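Asker: Make a model of the complete structure from these sequences and hints.
Chains as they are written, first to last, in the working numbering: chain A, 1 to 262; chain B, 263 to 524.
Simulated from the structure, these hints should not be mistaken for lab results.
Source: prediction; values computed, not measured.
Take the hints with a grain of salt, since some may be wrong.
Calculated pairs, BS3-like style, for lysine-lysine (alpha carbon to alpha carbon, straight line, at most 30 Å) [claimed, not checked]: (1) A:K157 - A:K6; (2) B:K345 - A:K92; (3) B:K354 - A:K83; (4) A:K34 - B:K268; (5) B:K319 - B:K296; (6) A:K57 - B:K419.
2 protein chains.
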Amino acid sequence: MGTVAKALSLLNYFTADRPEIGLSELTRLSGMNKATVYRMMTELQESRFVEQTDGAKSYRLGTAVLRLSSLREAAVPLRETSKRAVRELATKTGETAHFSILDGAQLATMNYAYSSDHGTCVMMDDAMELPLHATSSGLAVLAFCDPALVDQVLTKKLDVRTPFTVVDPTRLRGMIQNTRDTGIAEYVSGFESDVHSFAAPIFNDARVAIAAIAVAAPVNRVSSENAPVFRRAVFDAAHALTHATGGFPPVGYDLKLEKALV
Amino acid sequence: MGTVAKALSLLNYFTADRPEIGLSELTRLSGMNKATVYRMMTELQESRFVEQTDGAKSYRLGTAVLRLSSLREAAVPLRETSKRAVRELATKTGETAHFSILDGAQLATMNYAYSSDHGTCVMMDDAMELPLHATSSGLAVLAFCDPALVDQVLTKKLDVRTPFTVVDPTRLRGMIQNTRDTGIAEYVSGFESDVHSFAAPIFNDARVAIAAIAVAAPVNRVSSENAPVFRRAVFDAAHALTHATGGFPPVGYDLKLEKALV
DNA sequence: TACAGTTGGTTTATTATACGAACCAACGGT
DNA sequence: ACCGTTGGTTCGTATAATAAACCAACTGTA
Chain A
1 MGTVAKALSL LNYFTADRPE IGLSELTRLS GMNKATVYRM MTELQESRFV EQTDGAKSYR
61 LGTAVLRLSS LREAAVPLRE TSKRAVRELA TKTGETAHFS ILDGAQLATM NYAYSSDHGT
121 CVMMDDAMEL PLHATSSGLA VLAFCDPALV DQVLTKKLDV RTPFTVVDPT RLRGMIQNTR
181 DTGIAEYVSG FESDVHSFAA PIFNDARVAI AAIAVAAPVN RVSSENAPVF RRAVFDAAHA
241 LTHATGGFPP VGYDLKLEKA LV
Chain B
263 MGTVAKALSL LNYFTADRPE IGLSELTRLS GMNKATVYRM MTELQESRFV EQTDGAKSYR
323 LGTAVLRLSS LREAAVPLRE TSKRAVRELA TKTGETAHFS ILDGAQLATM NYAYSSDHGT
383 CVMMDDAMEL PLHATSSGLA VLAFCDPALV DQVLTKKLDV RTPFTVVDPT RLRGMIQNTR
443 DTGIAEYVSG FESDVHSFAA PIFNDARVAI AAIAVAAPVN RVSSENAPVF RRAVFDAAHA
503 LTHATGGFPP VGYDLKLEKA LV
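Answerer: Spelled out as structure tokens, the structure:
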């Protein structure tokens, strides 16, 4: 790993829970030399990727990322388009909906929407990172992405989030194959307890999955009666998003789904 | 400039007009060695700051910037809050409104809104970069930011955008002082010909200007009659935004404005 | 067919630059 | 007065970035 990649990896320690990080803390987190971290953060600061909150000397993400993401959004619109789709999906299903994009070997939540139909609903965090092996969105992407990513994910040690998180590669491969067959992923309590989620993949112009849209409901609100409604709604949303962003599903995908969802 | 900053500076060559760049082109633009550019882009690709569009080998901004900007937005909300304010301002004034944030020695447009009240309106580009010396937004920020930034901007050679762009440091200092006195910036045809714009600064918690919200109208639609309406609308929007984002205006700022805008 | 000018990508010795241990000074608690 | 923090600095050393030159493939054109 070169200097640039190492410096950029420092940015990964910023999360929604830890939006500001001090020098010593960052040194500890990264395991690098303090002087090295300091030098890198200084450079990142010059480039405005981070900024120092005056008073406290801790770092937080800077303004450069805003400009770059605007540009990315101008080149590859996704955030805006998906936002509408997510809101519609939440309204239609009466449950929490969210959209996440593949970023390395994880999914980055881009946006989500709640419904006020019920007194309770599944809660989300801003910019949440979703593991591929523990979420329906993850299964949806794994089922239709580059096979190399599947191997990469399954050969690593997988985090256990709940007693129901599947970490056995063989079982996961089965679930991925099942998702590939049905076109829609489901996961019960894999990431958060008592949550049943449905997800479908969004494809790029090379017919590869790059993102997923999902609905998450409390387990006790999902029945054999309304599950088909959730599946249908998720599929329709994903289908519309794929087309709205200039992508194409794999050959036969839509047809198979249309038949299965009748 | 260290390696990291040099590598990150490559990202600045991506613009709304040039969303994808090939290796040779980027080498030419940056003036660096081709092998160096290649290695840096490879590292940026590893970190997912850029990605290669398959088929063509050209680079475009990657998914990492999306995740980081979501995090920044979670830590320092600005984009979402300002979007609403801009839309309201456009509706209220019947003219194009936009919000831009200070990024280095330039303003990065974060969002804008058109009004359909008239057959024509001032057009904006996504992620447009606005020079501080040629726009009302720039004057608004310069009038209430760190004085060091003013010096930095005024000592550089300033770009001429139109025959009306002011590049004389002395005259600019006068305009900045004038903005400081009135609290609201105005500029006629400094950036685009035949455009009259009004802008007011948004302050952070240290009472320093970090952004601006503005209205831009065709010169012939601005009269001594409606100009006060524009000023009032821009001030109200900026005031609301400053407070919505947890900032504070300089002591006496609001009072002075309230009096001037009666 | 040959040529000139592209493109993205690779190799090489050289040397500039990033590195890390150890060191400050300042602050906070006990 | 002490210990454990914090952010930041120093300096000799060795690693990692550098640039020129070189590929191979492709494009237009003559």
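Asker: Now tell me, hint by hint, if it's right for this structure.
Answerer: Status of the hints after comparison with the structure:
1. A:K157 - A:K6: holds, 22 Å
2. B:K345 - A:K92: Satisfied, since the Cα-Cα distance of roughly 25 Å is no more than 30 Å.
3. B:K354 - A:K83: holds, 25 Å
4. A:K34 - B:K268: holds, 22 Å
5. B:K319 - B:K296: It holds: about 15 Å lies between the C-alpha atoms, which stays within 30 Å.
6. A:K57 - B:K419: Violated. K57 of chain A to K419 of chain B sits at ~33 Å, over the 30 Å cutoff.
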